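S.K.: First to last, the protein sequences are chains A and B. Position 111 of the first sequence, counted from 1, bears residue number 111 in this note's numbering, the numbering being contiguous throughout. Position 176 of the second sequence, counted from 1, bears residue number 176 in this note's numbering, the numbering being contiguous throughout.
Note that these hints are calculated values from the structure, not bench results. Computed from a prediction, not measured in an experiment: that's the story for all the values here. Treat the hints with caution; some may be incorrect.
Which copy is meant is left open, so a pair is good if it fits within one copy or across any two.
Straight-line alpha carbon distances no greater than 30 angstroms define the calculated DSS-like cross-link-like pairs of lysine-lysine that follow [to be verified]:
| no. | residue 1 | residue 2 |
| --- | --- | --- |
| 1 | K95 | K9 |
| 2 | K140 | K194 |
| 3 | K130 | K95 |
| 4 | K7 | K140 |
| 5 | K25 | K7 |
| 6 | K192 | K130 |
| 7 | K20 | K194 |
| 8 | K95 | K192 |
| 9 | K25 | K194 |
| 10 | K9 | K192 |
Number of protein chains: 2
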Amino acid sequence: MTLKEVKIKNLVIASGNRGKVEEFKDYLNGLGFSLLPKPDEIEVEETGATFIENAYLKASQVAIATQEWALADDSGLEVAALNGAPGVFSARYGKNDRERIARILAELGDRTQREAQFVCAIAIASPDGKIAIDAVGICKGEILYAPAGDRGFGYDPIFYVAQYNLTFAQMSPQLKAEISHRGKALEILRPKLKDLAIS
Amino acid sequence: MTLKEVKIKNLVIASGNRGKVEEFKDYLNGLGFSLLPKPDEIEVEETGATFIENAYLKASQVAIATQEWALADDSGLEVAALNGAPGVFSARYGKNDRERIARILAELGDRTQREAQFVCAIAIASPDGKIAIDAVGICKGEILYAPAGDRGFGYDPIFYVAQYNLTFAQMSPQLKAEISHRGKALEILRPKLKDLAIS
Numbered sequence: 001m002t003l004k005e006v007k008i009k010n011l012v013i014a015s016g017n018r019g020k021v022e023e024f025k026d027y028l029n030g031l032g033f034s035l036l037p038k039p040d041e042i043e044v045e046e047t048g049a050t051f052i053e054n055a056y057l058k059a060s061q062v063a064i065a066t067q068e069w070a071l072a073d074d075s076g077l078e079v080a081a082l083n084g085a086p087g088v089f090s091a092r093y094g095k096n097d098r099e100r101i102a103r104i105l106a107e108l109g110d111r112t113q114r115e116a117q118f119v120c121a122i123a124i125a126s127p128d129g130k131i132a133i134d135a136v137g138i139c140k141g142e143i144l145y146a147p148a149g150d151r152g153f154g155y156d157p158i159f160y161v162a163q164y165n166l167t168f169a170q171m172s173p174q175l176k177a178e179i180s181h182r183g184k185a186l187e188i189l190r191p192k193l194k195d196l197a198i199s
Numbered sequence: 001m002t003l004k005e006v007k008i009k010n011l012v013i014a015s016g017n018r019g020k021v022e023e024f025k026d027y028l029n030g031l032g033f034s035l036l037p038k039p040d041e042i043e044v045e046e047t048g049a050t051f052i053e054n055a056y057l058k059a060s061q062v063a064i065a066t067q068e069w070a071l072a073d074d075s076g077l078e079v080a081a082l083n084g085a086p087g088v089f090s091a092r093y094g095k096n097d098r099e100r101i102a103r104i105l106a107e108l109g110d111r112t113q114r115e116a117q118f119v120c121a122i123a124i125a126s127p128d129g130k131i132a133i134d135a136v137g138i139c140k141g142e143i144l145y146a147p148a149g150d151r152g153f154g155y156d157p158i159f160y161v162a163q164y165n166l167t168f169a170q171m172s173p174q175l176k177a178e179i180s181h182r183g184k185a186l187e188i189l190r191p192k193l194k195d196l197a198i199s
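Could you put the whole structure together from the sequences, leaning on the hints where they help?
M.R.: Given below as C-alpha cells:
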C-alpha cells in the first residue's frame, strides 16, 4: 500500500498544549480531517536528543495508543554561542517564560555573537506507529540584550528577526505564522497532508 | 551524560556510495574525526517512508553493527505535480540516471507546474544506536523540459535553479556544494559536530 492510496478521516493532535492544538487547527482546517485532541491520559516522555526524534516518539506512541493517525511536533530555540542550548530543553530551561528568558540572557552576557534559530519538527504516524510524513522548519534570528514586545509566548520577546526589525513578540500573529519555524514546517507538510485527506 | 561531554574519535560514514563518502570527507575534514568507510558486509534496507527515517535507520544500524559513531544520509527529489514522487524512491525510479530522468519527464509531460525540491536528511548515531544529531537541508528548483549540463549525477541535469539560471549539472562543484540540499544540511550539522570532535 503506498501513501497515495491511504485516506485519513481523523487526525489526533498529539499535544497537551491547548494553544498549540488551536494553532494547528487554524492551519489544518479545510484539509478535510477531523482534528481530535490527544486524550489526557496518554503521556509521552520526550527522551529524544533532537526535535525530530521527539516528534517521532510522540506521533508514534500517540498513534498506537489511540489507534488513529497522529500528528506531533517538537520545537525550541538553539543559540549558537551556547552550543545550541536550550535546544530540546527549551521548555524545561526554567520554571516559566520569565525565568527561561533571564537564563538565556545571563548565559549570553554581553557576548556579541547572538545568532539563534527556532526549529520546529513535525511528524505524522499511522495507527501502527509508523512515521508516514515529516517536516522541519527553521527560522533564523538573533537574541536581543533585553526583551521587547508582549505578544506570543516562550522566548518570543528576545528573538529578533532583522529582516522585519521586530521580535516574534512584536509581530502580528499573521506575520509570525508566515515566517516562523512552525509556519515553515507546516508549509512543507501541507501538500503532503492534502493528498491524505478524505474530504 | 550530555552531548557536550562526549568526544568522538571515529565516525563511520554509513554509505556504500564511494562518491558520497568522498563528498562527506571533503566537507568534514578538519573537524578532527577519523572518517571511516562502512564495512561492505553491513547492509541496511531503506524501509522508511521519509528521508529522515531512512537516515535514522541507517545511522542507527551501522552504529550498532560497528560499535562506532555513524553518520548516514538519505536524499532525493520531490516533484510537486507528482505528489512528491520520486521521493524516497529517487534512487530506485529507474535502472540508471537516464531512465530515471526520462521517467520524470514523461510523467510531467507538458505540465507547466514544474516545482521540485531536493531534500537531504542526515543523522548521527552513537554506538548504542541512539540518534544524537540530525539535520535536514532543502534546495528548491524546477524541472526542465529537457536535460542540460553534464556535471553532477542523478537528476542534476533536469533540476534548474532560477536564481543562478543553471541546472545542478551546469554548476561548478563549489556552487553546488554551497546551495545544494546536502550543503545546507551539512551547514546545519557542522557546528553541532564540531563540539563532538576530540582534537
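S.K.: Determine for every hint whether it applies to the structure shown.
M.R.: Evaluated hints:
no. : hint        : verdict
1   : K95 - K9    : neither (38 angstroms within a copy, 37 angstroms between copies)
2   : K140 - K194 : both (28 angstroms within a copy, 20 angstroms between copies)
3   : K130 - K95  : between (34 angstroms within a copy, 29 angstroms between copies)
4   : K7 - K140   : between (35 angstroms within a copy, 28 angstroms between copies)
5   : K25 - K7    : within (19 angstroms within a copy, 43 angstroms between copies)
6   : K192 - K130 : both (16 angstroms within a copy, 28 angstroms between copies)
7   : K20 - K194  : within (20 angstroms within a copy, 34 angstroms between copies)
8   : K95 - K192  : between (37 angstroms within a copy, 27 angstroms between copies)
9   : K25 - K194  : within (14 angstroms within a copy, 39 angstroms between copies)
10  : K9 - K192   : within (15 angstroms within a copy, 39 angstroms between copies)
Comparing the model with each numbered hint stated earlier shows that hint 1 is the single one that does not hold.
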